[in-house]
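As a plain string of letters, each chain reads:
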Amino acid sequence: MPKTLFDKIWEAHMVKAETTDYPGVLYIDRQLIHEVTSPQAFAMLEEKGIPVRRPELTIATMDHGTPTLRPDEEGNYPFVDDSARKQCAMLETNCEKHGVTLYALGSRQQGIVHVIGPELGLTLPGQTIVCGDSHTSTHGAFGALAFGIGTSEVGHVMATQCLLQRKPKTIAINVEGQLQPGVTAKDLIMGIIAQVGIGGGTGAVFEYRGEAVKALTMDERMTVCNMSIEAGARAGLIAPDDKTFAYIKGRQYAPKGEDWDKAVARWRTLPTDEGAVFDKEISVDVSKLEPMVTYGTNPGMAIGIGAPIPDPKGSATEEHALNYMGLKTGESLLGQHVDMVFIGSCTNSRISDLRAAAAIFKDRKVASGVRTLVVPGSFEVKDQAEKEGLDQIFLAAGAEWREPGCSMCIAMNGDLAQPGELVVSTSNRNFLGRQGAGSKTVLASPLTAAASAINGVVSDARQLGGN
Amino acid sequence: MLEFHQLTSKTVVVPNTNIDTDIIIPARFLKVTDKKGLGVNAFYAWRYKDGAVDPDCILNQDAAKGAEILVAGDNFGCGSSREHAPWALLDYGFRAVISTSIADIFRGNSLKNGFLPLEVDAAFHQKLMAQGGSEVTIDLDTQKVTAADGSTVSFEVEPFARYCLLNGMDQLDFLLSQMDDIKAFEEARI
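Just so you know, the protein sequences line up as chains R and X, in that order.
Residue 1 is where the first sequence starts when you use this note's numbering, and the numbers rise one by one after that.
Residue 1 is where the second sequence starts when you use this note's numbering, and the numbers rise one by one after that.
One should not assume that every hint holds.
[As the list claims (entries may be wrong)] List time: in silico DSSO-like cross-link candidates among lysine-lysine, alpha-carbon distance up to 27 Å:
1. R/K8 x R/K280
2. R/K16 x R/K3
3. X/K183 x R/K48
4. X/K127 x R/K313
Source of the hints: derived by calculation from the structure; they are not laboratory data.
This is chain R alone, in the form it adopts within the complex (with noise of 0.2 Å):
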């Protein structure tokens, strides 16, 4: 029988298979951890004296806390609070307890967790991965089931290297047509969203597919798989191919020499057989996707970024969002006036993300009052992209260069926005007060916010040349 790519992967790694009294039990090949939602897993393994039983199948790092400023001379780095440098020397004392691989603060490996996976080589096709993130959908662009857990799960995988879990259902994003250019992988992936709806996925495992979704970089597929979670998928899958084994070939972690050929042998087989059916499939025509923007306070709210605001149709919680952002129906994002921009995240802080948003800032100036904030997700991007000069191209124009970290993504470091204040965000995630209490968020490409950063107010980088 024909098999999905979620198939191949699922049965795969069925310990145990799923019965109407109980979940299956799910073998789990890699768990990436952090310090934010680890503590409470470890002190539950300390709490019934066991250990972590095959450590060297978790990786830590840390990134969601972390100060995206240089330590001092002594190598004190400046955390917002105590209670972030409490939790961070927490996961150190837990991984060095348990034997986990740590990349700390300090590390050349450090950085967000779905940066550093796939740099290491530690994201690979086929395999299941989990993090106590939900944007852990990110690895699905290699062709890997990978989803975000809670903290008791955590544990659950410390403890098992498995997890209990019923069969999710499988949709089909068909992507029809090709972008246009200066529309981008992340405005693709909000289109997608807008269409979708927030909810649109729950208890169901996306697998994007189309020329369009072949066409992508790996970077642009991570962004795309990334914000699956945010169409309520848990995981988002795109089927491994060349593209896929060229990134990971040379990697840290990577197969290597004969390993190497049995692997990529396997992981050709993983995409989904001709005639093999999903629950569900949907369709999406990309062609005439404009640059999108959010403008309430979930990513489903999203337009082109010249269309009318539509009418909340007696929405309350959608009037409360227009209210909130203080939009009205009817106008349109292009012209607003901007307080900060924000370039990095899980989502969009690759070297190819800085490239274009670099291509924008070069020799232009960032317009007075817009505090702009550049974040590389990874020092393997930060020395990649020190190497191209684009740290000279972003601070030339008065952006900020930072060092690595989730950053204003989820503003729990000491990088966020005023009460009040607009950010024009590379993120994924526009929640009311999420990049600081009061804070109003419009999501949007690398070229979006950099256009913006540049003029001011919401602006269509196409309009500066980008593409």
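Position chain X relative to chain R; hints supplied.
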């Protein structure tokens, strides 16, 4: 884990749809290393204004005091995977949420902590929304919710999660009991 059998409580209605886990507990309060004490900051953006308790917020009004059942709009618990969301709701005093749909990760996290996320049909939900503060009974044994007017609907709960809730059993203990199968699986793969 906290057991859950039957709960009778007045409700508090927060009709908003798509209540995300950032609303339930904002990220800046996640810098903790245990599960306790999050309730004071639950729904912070709604419950506080300029740092002071906002009397206009329904959650702060006398009618909401002691309510253990939250009735909320569609797609409750979307967004981040933070288990701090059910921890905060429990610490605040809630034991259950009733909505027309619940986001996946939040549902799984809740069921592992003795917090019951329930989905009911739109008509029954509408009735509960219109009768905020009325007494509702949730019976996990019979899988039925009863509204103040005596009308009843059935709800679904994943059978194993239900078993664990009824017995106060930790899901990890079950998983640990599967270790022979897990080891056999690992050996067969190599």
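What hints, given by number in increasing order, does this structure fail? none
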